[in-house]
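Trainee: Listed here are the chains, written in short residue letters.
Protein chains: 2
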Amino acid sequence: MKSFIAYQLTPTFSNIQVSRRYKHFDWLHKQLVEKYSCVAVPPLPEKQISGRFEEDFILMRLRALQLWMDRMCTHPVIAGSDVMVHFLSCTDEKRWKVGKRKAEKDDYTGGKFFFTVTTPPHALDAKVVDQQMERFGRFVKSMDDSAKHLLTIAENGVRKYQGSFKKEHMKLGGSFIALAKSFEFDERPAAQPLTRALEHSGKTYEDIGRLFAGQPELDFKGLMEGLQEYRGILSTFPDILAVQRAATQKIQESAGRLNDSEMATVQSRADVITYTTQAEMSHFHEVRVGDFKGYMQAFLQSQIQFHQRVTQMLQETLQAYDQA
Amino acid sequence: MKSFIAYQLTPTFSNIQVSRRYKHFDWLHKQLVEKYSCVAVPPLPEKQISGRFEEDFILMRLRALQLWMDRMCTHPVIAGSDVMVHFLSCTDEKRWKVGKRKAEKDDYTGGKFFFTVTTPPHALDAKVVDQQMERFGRFVKSMDDSAKHLLTIAENGVRKYQGSFKKEHMKLGGSFIALAKSFEFDERPAAQPLTRALEHSGKTYEDIGRLFAGQPELDFKGLMEGLQEYRGILSTFPDILAVQRAATQKIQESAGRLNDSEMATVQSRADVITYTTQAEMSHFHEVRVGDFKGYMQAFLQSQIQFHQRVTQMLQETLQAYDQA
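From first to last, the protein sequence lines stand for chains Y and X.
Mapping the first sequence onto the UniProt record's numbering, position 236 (from 1) lands on 236, and the numbers just tick up by one.
Mapping the second sequence onto the UniProt record's numbering, position 19 (from 1) lands on 19, and the numbers just tick up by one.
It is possible that some hints are incorrect.
Where chains are identical, the list cannot tell them apart; a pair therefore holds if satisfied intra-copy or between any two copies.
For lysine-lysine, the following DSSO-like pairs were computed, each having C-alpha atoms within a straight-line distance of at most 27 Å [claimed, not checked]:
| no. | residue 1 | residue 2 |
| --- | --- | --- |
| 1 | 127 | 250 |
| 2 | 167 | 293 |
| 3 | 181 | 293 |
| 4 | 97 | 47 |
| 5 | 221 | 181 |
| 6 | 203 | 148 |
| 7 | 167 | 221 |
| 8 | 203 | 141 |
| 9 | 166 | 203 |
| 10 | 148 | 181 |
| 11 | 293 | 203 |
| 12 | 127 | 181 |
| 13 | 30 | 47 |
| 14 | 166 | 221 |
| 15 | 166 | 148 |
| 16 | 181 | 141 |
| 17 | 2 | 30 |
| 18 | 105 | 94 |
| 19 | 112 | 250 |
Don't read these hints as lab results, they were simulated from the structure.
Generate coordinates for the entire structure from the input sequences, incorporating the hints supplied.
Mentor: Below, the structure is given as structure tokens:
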């Protein structure tokens with residue numbers, strides 16, 4: 001007997017639930033990468049055999065698969081593709097196998113996919129295109145470096161919030177409580193409000209410490225998730241750019257060796273690839289702006305709420321001194 | 001030729017400025033300690049010969065002398081004492097020397113000071129007094145331990161605010177700016193608001209980092225100053241309690257060796273010392289409540305302002321995303 005983790009998906013277009021295993025996602029990923037060599041199909045989360053049923057890992061992978069699926073379903077080409085529709089809607093074992101075979105036998109994958117693409121008829125300026133592609137390549141490297149760096153800083157931030165930031169406030173709280181404890185030697189009624197207020201402040205700082213520890217879950221984690229996803233997307237672009245580069249290099253290699261009509265075909269074929277790559281680059285940038293706007297807004301809102309909560313807690317404990 | 005640091009004091013009761021040197025404070029301190037063996041006369045700040053003219057040290061000592069003087073001038077016995085009035089009001093070199101000699105020749109210092117004290121006529125219950133004194137001794141130890149611990153935590157807090165808390169926010173800011181820099185590769189006008197907003201957030205976090213670094217000056221420093229002053233005051237109580245203990249021990253030693261009349265004198269003399277010590281203890285506790293109320297209110301208010309300022313800065317940078 002075997003056991004496995006099943007992922008249940010309910011697409012909004014059908015509202016009918018389908019059940020898939022990791023290996024199905026893996027298969028879908030392979031199909032998409034093969035067919036759409038010009039689309040940024042990010043890698044799936046790691047399969048990781050050992051500790052497969054560990055709850056944290058399962059939840060993390062579920063979340064990563066969810067993000068991957070959301071990403072693919074909002075891609076203008078992928079979303080409506082046969083293989084994706086099949087993956088998201090087939091509930092019948094037999095039809096599943098038929099659709100699977102059909103996708104695997106698809107003639108229009110890789111280089112042949114471009115035969116199915118219609119582009120503007122205008123020929124492209126090779127020099128302008130080269131500069132644009134080279135620039136995008138540098139952008140990918142630059143953004144990946146920045147994202148990687150920010151991830152390191154954020155990971156460190158999480159450790160600080162849960163470590164020294166928390167500890168520092170807990171220790172301060174503990175010291176206030178200890179001082180209040182020593183003040184208890186003075187049993188005059190007039191002395192009690194201060195002693196109680198100081199104790200309250202101590203507990204407040206302990207609570208603030210705990211608030212620090214819980215904060216990364218509310219801000220850093222979301223930002224890091226987004227950055228990690230983007231690093232996956234960015235990692236696909238060197239291959240995409242290589243396909244486009246190969247097509248333009250073919251023109252240069254063919255120059256003088258083919259007749260005008262043959263050259264025109266090679267040229268227009270390269271242009272289709274360039275147009276498609278440009279579309280993908282443009283799509284990436286558009287989505288990037290929306291995504292990072294969202295990441296930053298969520299991050300900042302949560303940080304604001306944190307500081308507002310701390311302010312409120314401090315104001316409450318400050319009031320305790322009114323009677324002291 | 002010699003140079004020295006002069007401290008100018010303008011007492012509110014005369015509004016006439018007098019100029020004193022550290023050695024004059026030192027002399028005053030000695031007179032007060034000798035005359036008022038039952039009063040908590042805290043130690044002066046260290047004289048420290050080397051680096052005497054270093055600005056930081058001068059400012060720190062000025063501040064500590066100011067606190068010491070404020071403390072002495074609010075003490076019900078010290079404030080009106082001849083030696084204090086002389087110190088605060090004499091502007092004439094010749095009269096200064098006369099007053100100085102007079103203070104040094106004061107007959108009613110140390111044990112003899114108690115002859116000048118009038119107390120309630122009721123005899124005190126030795127057992128109750130012993131318990132009270134023992135309890136106060138334990139309180140002094142306990143409060144000093146707590147104050148010392150809180151000081152260590154606060155010193156550590158200062159280092160954290162100026163070190164890792166600052167750095168962590170500066171680094172996060174720097175990472176946002178670096179990511180914004182990579183976004184500049186996308187020159188579409190539609191992409192600019194996000195890039196600018198992200199850059200703004202980066203600068204905001206750098207500013208927040210700087211705010212962290214400047215914060216201890218506004219909260220921890222005041223609290224630490226108060227704690228340090230209190231450690232000085234607390235350090236005087238063991239001697240004060242020893243004087244009282246010696247007086248009560250004298251009763252026990254005299255029991256059976258003196259006649260009734262002599263015993264009554266010893267007893268009433270011990271009671272005067274106990275009453276005076278009780279008055280000092282009571283004064284200490286009363287002032288302590290007011291002081292720590294003030295320290296904590298100032299500390300919390302400054303912390304509240306800090307978190308409010310951070311909230312405001314984050315809200316401002318969050319708004320930058322409205323256009324993105």
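Trainee: Against this structure, judge whether each hint is valid.
Mentor: Each hint, compared with the structure:
When the C-alpha separation of residue 127 and residue 250 is checked against a cutoff of 27 Å, the pair qualifies only within one copy, where the shortest distance is 15 Å, while the shortest distance between copies is 107 Å. Only between protomers do residue 167 and residue 293 lie at most 27 Å apart by alpha-carbon distance; the minimum there is 25 Å, versus 32 Å within a single protomer. Taking identical chains as interchangeable, the C-alpha atoms of residue 181 and residue 293 lie at most 27 Å apart only when they sit on different chains, with a minimum of 15 Å there against 49 Å within one chain. In this assembly of identical chains, residue 97 and residue 47 lie within 27 Å of each other by CA distance solely inside one copy; the values are 23 Å within and 91 Å between copies.
When the C-alpha separation of residue 221 and residue 181 is checked against a cutoff of 27 Å, the pair qualifies only between copies, where the shortest distance is 23 Å, while the shortest distance within a copy is 38 Å. For the identical chains of this complex, residue 203 and residue 148 are inter-copy neighbours only, at 19 Å across copies versus 38 Å inside a copy, given an alpha-carbon limit of 27 Å. Proximity of residue 167 to residue 221 under the C-alpha cut-off of 27 Å is found in both arrangements, the shortest distances being 20 Å within a copy and 20 Å between copies. Taking the shortest alpha-carbon separations for residue 203 and residue 141, only the inter-copy value of 23 Å comes in at or below 27 Å, while the best intra-copy value is 48 Å.
With identical chains, the CA atoms of residue 166 and residue 203 are at most 27 Å apart both within one copy (13 Å) and between copies (25 Å). In this assembly of identical chains, residue 148 and residue 181 lie within 27 Å of each other by CA distance solely across copies; the values are 14 Å between and 48 Å within a copy. Taking CA atoms no more than 27 Å apart as the test, residue 293 paired with residue 203 passes between copies only; the shortest distance there is 17 Å, against 37 Å inside one copy. Proximity of residue 127 and residue 181 under a CA criterion of 27 Å is satisfied inter-copy only: 25 Å between copies versus 77 Å inside one chain copy.
For the homomeric pair residue 30 and residue 47, the shortest alpha-carbon distance inside one copy (14 Å) is at most 27 Å, but the shortest distance between copies (79 Å) is not. In the homo-oligomer, the alpha carbons of residue 166 and residue 221 lie at most 27 Å apart both inside one protomer (17 Å) and across protomers (21 Å), since each shortest distance falls under that limit. In this assembly of identical chains, residue 166 and residue 148 lie within 27 Å of each other by CA distance both inside one copy and across copies; the values are 25 Å within and 21 Å between. Taking the closest pair of Cα atoms, residue 181 and residue 141 come within 27 Å of each other only across two copies (12 Å); inside a single copy the shortest separation is 58 Å, beyond that limit.
Taking the closest pair of Cα atoms, residue 2 and residue 30 come within 27 Å of each other only inside a single copy of the chain (24 Å); across copies the shortest separation is 89 Å, beyond that limit. Taking the closest pair of Cα atoms, residue 105 and residue 94 come within 27 Å of each other only inside a single copy of the chain (17 Å); across copies the shortest separation is 115 Å, beyond that limit. For the homomeric pair residue 112 and residue 250, the shortest alpha-carbon distance inside one copy (16 Å) is at most 27 Å, but the shortest distance between copies (111 Å) is not.
Hint violations for this structure: none, all hints satisfied.
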